[in-house]
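The opening residue of the sequence shown carries number 47 in my numbering; numbering runs sequentially from there.
Check each hint, because a few of them may be wrong.
[Said to hold, decoys possible] Cut-off 25 Å, straight-line C-alpha distance, at most; resulting in silico cross-link-like pairs (SDA-like, lysine to any residue):
| id | residue 1 | residue 2 |
| --- | --- | --- |
| 1 | Lys388 | Val365 |
| 2 | Lys249 | Glu289 |
| 3 | Lys102 | Glu289 |
| 4 | Lys109 | Glu289 |
[Unchecked claim] Label pairs and their in silico Cβ distance ranges:
| id | residue 1 | residue 2 | range |
| --- | --- | --- | --- |
| 5 | Asn364 | Phe425 | 54 to 64 Å |
| 6 | Gly316 | Gln220 | 37 to 47 Å |
| 7 | Val271 | Trp112 | 37 to 47 Å |
| 8 | Pro155 | Glu289 | 38 to 48 Å |
| 9 | Pro400 | Asn364 | 44 to 54 Å |
| 10 | Ala137 | Asn364 | 39 to 49 Å |
| 11 | Arg381 | Glu82 | 15 to 25 Å |
| 12 | Val271 | Lys243 | 32 to 42 Å |
| 13 | Phe425 | Leu286 | 25 to 35 Å |
| 14 | Pro400 | Gly292 | 37 to 47 Å |
| 15 | Asn310 | His344 | 12 to 22 Å |
| 16 | Ile153 | Tyr342 | 34 to 44 Å |
Keep in mind the hints are simulated off the structure, nothing from the lab. The beta carbon of each residue, even a glycine, is placed where N, CA and C say it ideally should be.
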Amino acid sequence: MIKQPIRTFILFLLFLFVSLISGAQISNEFRYYYPEFEEGRTHQLLLHLANINFVKDNEYKNKFAWGHTLIGYGIQPTLMYYAGERLRLRAGVFLQQYSGLNYYSEIRPILSVHLRVSPSFDLIMGTLKGHVHHDVIEPLFDTERQYTRPVENGIQFLINRPWMDMDVWVDWEQYVQEGDDFPEWFTAGMSTTLHLKDTADNKWQLSLPLHMMAVHRGGEVSTYVERVQTSMNLAAGVRLNRELQGAFEDVGLFAYAMNYNNLNDVGQLGVNNGYAWYAGVTANTRRTNLMAGYFYGHDFVALRGGGIFQSVSPIRNNVYVPTRQLITMKIGYNRMFLKKIKFSFLFEGYYDIPDARFDFAPGIQLVFSPSFFLTEAEFF
């Protein structure tokens, strides 16, 4: 049995107390800027302007995630045309600049077709509704990818029913042609949540989330010498929330079981299989979210997940810690201004139990995402 210092136990109790009195699982809703499909816009041409301003200060001293400051902005002007009741075309550009650089770190074209197959089923091809919109837990999908990979391209299926939400997508990250000396890369993901409510008063809600991430490196036509590999992660969980009256809207519990499997047995440092557990408490007020949790992982690797949760370092060579134990906390404050301006503050804390080290990352984000009507014309 692993011995834990008394101060660690006291710290966890403090995190638990703060979460129970203050804030549900941290929502990324105030970081969203994808323009949702609007009905009643047939033959309308609109200009959508998404502006994302951010600062995130990673005060990390560990060997698994970079201790750096991300500060800058992104802007994404797009033209959107509703060719019919069920079809929307979108074209534009995404620009991102970090403060202190005299050039744009990201210049990406935006082009997508959004087909509303039915009221509850959407198909997107081209530029996807990506990163934080996928709503995948942090150990499997790092929320910092909103800045490091702000544009995803591929294909996506979205299902939205009263009893289920599902997001299935493929992000094709690197395309290869015959003779290329680099590999093909793509990420496939699934995020599904089943919603079960108490039929008596609807104050209890039981949710069953299921997440899957698969990362593939290969390409038959490439001359890349390393072996093909497919790395997979699965996560199954349960979330129980209780609605409250008064200052606190709800409190809840969550628990996830996760696994890792490298299907080709070519994992980093020979680590090909692993598992992890993640459990905690949550709470919400109208503007505040807090969470406290405990993470345990053994030989756990997630190629698209938060580095701080992994057993093999994604940033340093030959760093391998078989067992990871973390106490996590998140404190969020969200506020809407003028209907289209979303402000969010998030403080994230990670206490490494074996190393007795506390890493933290405060961050602020301001999102402005209005749409402007330009004209109405039937082009098709």
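query = What hint numbers does the structure not satisfy?
reply = 1, 3, 4, 6, 7, 9, 12 and 13
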